[in-house]
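> If you want the building blocks of each chain, they are given just below.
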Amino acid sequence: MSTAVETPRRKLAWSGANLIVLVYAFIPVLWIVSLSLKDTGTLNDGKFWPSSPTRDSYSQIFNNPDFLRALVNSIGICAIATVCALVFGTMAAYAIARLEFPGKRLIVGVSLLIAMFPQIALVTPLFKIETAIGIFDTWLGLIIPYITFALPLAIYTLSAFFREIPWELEKAAKMDGATPFQAFRRVITPLAMPGVFTTAILVFIACWNDFLFALSLTSTSRSRTVPAALSYFQGATTFEVPTGPIAAAAVVITVPIVIFVLFFQRRIVAGLTSGAVKG
Amino acid sequence: MTTQTLPPGDAEVEPEGVRIARQRHSDGQKAERRLGLLLCAPAVFIMLAVTAYPIVYAFWLSLNRADLRTPDANEFIGLDNYVTVLSSPIWWTAFGVTMFLTVLGAAFELVLGMVLAIVMHRTIIGRGLVRTSALVPYAIVTVVAAFSWRFAWTQDLGWLAGDNAPLTGMWSSLWIILLAEVWKTVPFMALLLMAGLALVPEDLLKAASMDGASTWQRFWKITIPLMKPAILVALLFRTLDAFRVFDNIFVLTSGANNTSSVSMIGYNNLIGGLNLGIGSTISVLIFLSIAIIAFIFIKLFGAAAPGEGEKR
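Just so you know, the sequences run in chain order F and A.
Per our numbering, the first sequence starts with residue 1, numbered consecutively.
Per our numbering, the second sequence starts with residue 1, numbered consecutively.
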């Protein structure tokens, strides 16, 4: 309670609660980092911390052409899908937030339906369609479904942000003699950028996280993304699970996103909750 | 939205300038409509092309024998595929597993999400730190977290397993899958609930406190009722998402020991079996299940369909 006195005891109690949250959030992450640092001798000792940390697993995956290719695929596919979803999403969100036109509610409804659409229901037909038109196992074959599922998220988040922008400023700038383009570029763009940027992060994370499409709509390392590639990692023998390299690869694709999210925490929280409670 | 107040009959007394302005206004309205539709067109086109068309196509495929291994035997067979799937124990086991994970998952996530939301909302020290670290599970790729849990529960290798091999039994596997799911999604739930918590007026809680209501009473009698819309939306989101569970099961057990979800058997039918007819039937059934869940939430519980709060 913000009204209560901040006694040392209350502080201690809250510290305990905070500590539990920290442990909850970080334990699985620390464990996978620890695994990635263990050497082959101590890998199976079942201990939480590595007793003799090495970089072996990391040098192994960075010499693995399949992993590097998957990394390039992941970055490229997710970046292109994010940019496309943002462009189309911004256009639609601007219209939804600022313009009156028939069918607006329908569009919002449809995009929400798609946000909840079971992706697996699309896997079989998309597989058939993509093989028929020859984009199966290509970047395009993944980019298209990624854009589709990123769009509802983009439209929803962006329209919530756009509604908060004081659009009268645009009129004021025009009265002060700015051209419509200047008003847009100098006044509106800076105000809209944080929302667009936040949306970009959320969309990118959603694409980066995808596993089902990456697994079903690819068949070779040509377009396989990292989450899918991880499950195809081969050890020295076929029966041995390459724990160390998988852990190292997992850390490589996780750490940048986690740092990013921690850095932009405030904006992401705003983005995730925008419109969740009320429009 | 309209600011026009002059009745149309007043045209002759109406000053020239106002009439022109009004003319412009309705022209502007038409242009606005056109612009609005034009701006939405690409997004709507992509969304429909990639979802509506395939789901109709899946429905058509589900009425056919369509096996990639025997392309010559393809023909229209009506509802035979549905009979095959719905009379198969594999489907019902997967359906049971999915419901188990969905119902228990949503329940745990709601309770733990509420606890986390309250900690993030109320903690008097290190609020930024707590909010930031609670985002970690959200930011992690599901497959990565799943591998972390899998290794942790692998015999000898993992710090949680010891001498046991819990991922080789059905129920122990299901609980671990549930743990992985809940761990990953509690923060998202908590964020949605925290936004609801912020809407509970502090004054009201203070007043109740002065009238002698205990913390517990304030929570159940004031906070929860006021948060009901937020809770229902969060639950709806999570239930529909939980029903699609795939990544965690794929990595943790690959569906061994009857731990497949409906998404897993859909995937296995396509990639393992290359049977598009059966795979599409499963797709359509999953689609229908999700539609029914959403319907129940919106009609029976009165969850405002997200987006209905639009433009309030």
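By construction, these hints were calculated from the structure, which means they are not laboratory data.
Careful: at least some of the hints might be erroneous.
What the hints assert, rightly or not - Which bits of chain F does chain A cover? Going by a derived footprint, with three or more residues having C-beta under 8 angstroms, they are:
1) 108-116
2) 180-190
What the hints assert, rightly or not - Derived pair list, reagent style EDC-like, types lysine to aspartate or glutamate, alpha-carbon separation capped at 16 angstroms:
3) F:LYS47 / A:ASP163
4) F:LYS47 / A:ASP67
5) F:LYS128 / A:ASP67
6) A:LYS30 / F:GLU100
7) A:LYS221 / A:ASP203
8) F:LYS104 / A:ASP211
Quantities reported herein were computed from a predicted structural model and do not represent experimental measurements.
Note that the Cβ used here is the ideal one computed from N, Cα and C, for glycine as well.
> May I ask which of the numbered hints given earlier this structure violates, with the numbers listed in increasing order?
2, 4 and 8
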